[in-house]
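Novice: Residue numbers (the numbering used here), protein chains in the order written: chain A, 19 to 272; chain B, 298 to 617.
Note that these hints are calculated values from the structure, not bench results. There's no promise every hint is true.
What the hints assert, rightly or not - Calculated lysine-lysine pairs in the DSSO-like style (CA-CA distance at most 30 Å, straight line):
(1) A:38 x B:446
(2) A:44 x A:96
(3) B:450 x A:242
(4) A:71 x A:96
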Amino acid sequence: MLLELRNVTKTYWSGVMRNKAFHAVKDVNLEIGEREIFGIIGESGSGKTTTCKIIMGLLKPTSGAVLYQGEDITKLGKAKWHELRKSIQMIFQHPQMTFNPRSTVYSACAEPIRIYKLAKDADEEREMVLGILDRVGVSRDQLEKYPHEISGGQAQRLSIARTLLLKPSLLICDEPTSMLDISVQAQILSLLKEIHGKENLTLLYISHNLDVVAAICDRIAVMKDGEIVEMGNTDEVFSSPKHDYTKRLLSARI
Amino acid sequence: MEPVLRIDDLCVGFHVRDRVVNIINHVSLHIGENEVLGLIGETGCGKSVTGSAVLRLLPDNAVVAGQIDYRGKALLPMSEHEFNRLRGAKIVSVPQSPSTSLNPMMTVGMQVEECLTRRPDYSKKAQQVPVRERVQQIFERLRLNERGKIFRKYPCELSGGMCQRVLISMGAITNADLIVVDEPTKAVDWILRAGVVDVLRKMKEDYRCAMMMITHDIGVARALSNRIAVMYAGEIVETGTAGQVLDHPQHPYTADLISALPENGFHVTEGFMPSFEEMPAACRYQDRCAHCVEACRSGKPEMHETEPGHFVYCHRCRGE
Numbered sequence: 019m020l021l022e023l024r025n026v027t028k029t030y031w032s033g034v035m036r037n038k039a040f041h042a043v044k045d046v047n048l049e050i051g052e053r054e055i056f057g058i059i060g061e062s063g064s065g066k067t068t069t070c071k072i073i074m075g076l077l078k079p080t081s082g083a084v085l086y087q088g089e090d091i092t093k094l095g096k097a098k099w100h101e102l103r104k105s106i107q108m109i110f111q112h113p114q115m116t117f118n119p120r121s122t123v124y125s126a127c128a129e130p131i132r133i134y135k136l137a138k139d140a141d142e143e144r145e146m147v148l149g150i151l152d153r154v155g156v157s158r159d160q161l162e163k164y165p166h167e168i169s170g171g172q173a174q175r176l177s178i179a180r181t182l183l184l185k186p187s188l189l190i191c192d193e194p195t196s197m198l199d200i201s202v203q204a205q206i207l208s209l210l211k212e213i214h215g216k217e218n219l220t221l222l223y224i225s226h227n228l229d230v231v232a233a234i235c236d237r238i239a240v241m242k243d244g245e246i247v248e249m250g251n252t253d254e255v256f257s258s259p260k261h262d263y264t265k266r267l268l269s270a271r272i
Numbered sequence: 298m299e300p301v302l303r304i305d306d307l308c309v310g311f312h313v314r315d316r317v318v319n320i321i322n323h324v325s326l327h328i329g330e331n332e333v334l335g336l337i338g339e340t341g342c343g344k345s346v347t348g349s350a351v352l353r354l355l356p357d358n359a360v361v362a363g364q365i366d367y368r369g370k371a372l373l374p375m376s377e378h379e380f381n382r383l384r385g386a387k388i389v390s391v392p393q394s395p396s397t398s399l400n401p402m403m404t405v406g407m408q409v410e411e412c413l414t415r416r417p418d419y420s421k422k423a424q425q426v427p428v429r430e431r432v433q434q435i436f437e438r439l440r441l442n443e444r445g446k447i448f449r450k451y452p453c454e455l456s457g458g459m460c461q462r463v464l465i466s467m468g469a470i471t472n473a474d475l476i477v478v479d480e481p482t483k484a485v486d487w488i489l490r491a492g493v494v495d496v497l498r499k500m501k502e503d504y505r506c507a508m509m510m511i512t513h514d515i516g517v518a519r520a521l522s523n524r525i526a527v528m529y530a531g532e533i534v535e536t537g538t539a540g541q542v543l544d545h546p547q548h549p550y551t552a553d554l555i556s557a558l559p560e561n562g563f564h565v566t567e568g569f570m571p572s573f574e575e576m577p578a579a580c581r582y583q584d585r586c587a588h589c590v591e592a593c594r595s596g597k598p599e600m601h602e603t604e605p606g607h608f609v610y611c612h613r614c615r616g617e
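All chains should be built: construct the whole structure from the sequences, respecting the hints.
Specialist: Below you can see the structure in the form of structure tokens.
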């Protein structure tokens with residue numbers, strides 16, 4: 019198992035006495051195997067993104083453990099995480115908002131190389147960036163542009179390119195296509211699928227769009243109010259849903 | 298029968314620096330009584346510009362040519378004063394992005410009320426039903442009641458789906474004749490999307506209004522529209538009933554768009570939509586089209602009727 023979540027719970031406390039509990043994520047258990055495409059579906063506010071953030075180490079769970087290659091990563095220190103971040107990467111929902119508006123596309127793409135000192139000199143750095151841009155299908159004349167000058171689809175390709183530079187083994191995609199229209203969505207999905215086919219990559223794909231999930235995921239988990247209500251192979255869940263909520267979700271297909 | 302809206306040969310351009318960039322190119326459409334026309338196409342193809350042209354909400358640098366008739370009356374030459382009597386009363390818009398279209402400093406009830414009280418012909422005495430009562434009624438209709446509390450809520454206290462329904466109620470409250478709905482399901486999740494579709498369908502049945510629905514969501518277009526017009530790079534490429542266009546697409550662009558859906562295996566079409574500043578002169582889809590022939594590069598495709606009511610602008614459909 020590449021990634022295992024064991025009884026992960028995230029609770030927020032509110033109220034005057036800090037006595038009102040809200041369970042954003044409640045007792046989540048899941049296992050993701052190597053080279054799998056695992057999907058999490060559910061409506062807004064069901065805890066999908068919180069789960070992601072816990073796996074990414076951006077949030078500490080209230081209780082429970084996240085095992086990555088057998089090691090509990092919730093208790094790691096900053097230095098360890100710096101190393102680990104190379105193998106766990108994430109693509110966000112709003113592509114344009116993930117780029118620094120004041121730096122060009124080139125320096126945004128070169129940033130991971132600089133942080134992890136992957137290149138010996140500027141020439142090698144440039145070569146790596148150009149190589150990765152070709153991979154994701156962004157033309158080279160985009161390099162000196164600023165994030166607001168590129169389209170949403172281009173920006174999403176670039177954020178995929180940035181993560182690929184680090185050769186991650188787990189890529190978390192948090193609704194990468196919900197802001198894009200269908201023809202661009204098709205481009206991004208087939209790019210992800212192609213990368214998954216070539217590299218040793220595991221995808222955790224989060225979405226509320228059932229059509230997308232049905233098209234690319236091997237296994238899925240359905241989340242509601244912070245809990246996983248159903249989990250299984252995509253075909254099984256879609257053809258014979260067990261839980262009422264899953265049935266409701268599937269009947270909302272139009 | 299006279300259609301509710303008839304757009305004839307509409308061209309819209311924008312002054313950019315010292316030139317005019319042409320965006321909408323000879324678009325002709327019509328919407329009949331109690332009919333929903335779905336206008337689909339990818340981002341930046343001119344769907345929203347067409348909608349704004351009907352509502353005369355284009356920015357000052359726009360150049361509009363052609364004819365837009367609402368029940369036989371030409372809208373474009375109308376004076377601003379005259380048009381204001383129609384816009385908001387008979388021709389209504391439901392804008393996109395509910396989070397930014399509502400006034401954050403006003404309760405939603407007041408905002409919906411304004412749609413009635415700010416009309417030039419409004420007088421308090423003439424109302425048979427108090428305005429507030431009517432607002433409550435429409436909220437109830439759209440399942441927004443929550444025991445009458447919603448009236449006093451601010452937009453920030455509501456979820457995205459609720460804000461969307463508030464916007465729709467603003468469109469419905471004036472008993473409009475023609476509603477321009479812009480991307481009603483953008484950025485709402487799966488269950489809310491089904492809810493919004495439900496609300497729009499109910500509205501169509503209850504108010505018997507004509508609707509122009511601008512969307513890139515083909516599922517929503519299929520669920521709601523009677524007829525569908527497909528737009529690419531500022532031109533209409535195909536129109537017909539929802540079944541004709543979506544199940545038997547004749548234009549290569551429509552076919553590519555439908556095969557890009559995830560359930561159809563997300564096939565990728567090579568290339569991008571050309572920039573409006575360097576549009577190819579003949580068929581605008583020529584560079585991306587898999588069936589491109591010599592004629593596509595030399596002449597503008599004309600309209601062909603492939604079956605009754607199904608119109609396609611493509612050279613390949615000629616003589617079929």
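Novice: If a hint holds in the structure, say so; if it doesn't, say that too.
Specialist: Hints versus structure:
1. A:38 x B:446: OK: residue 38 of chain A and residue 446 of chain B at ~24 Å, within 30 Å.
2. A:44 x A:96: holds, 26 Å
3. B:450 x A:242: Status holds; Cα separation ~26 Å.
4. A:71 x A:96: Judged against 30 Å, a Cα distance of about 16 Å means the pair holds.
When each numbered hint is compared with the structure, no violation occurs for any of them.
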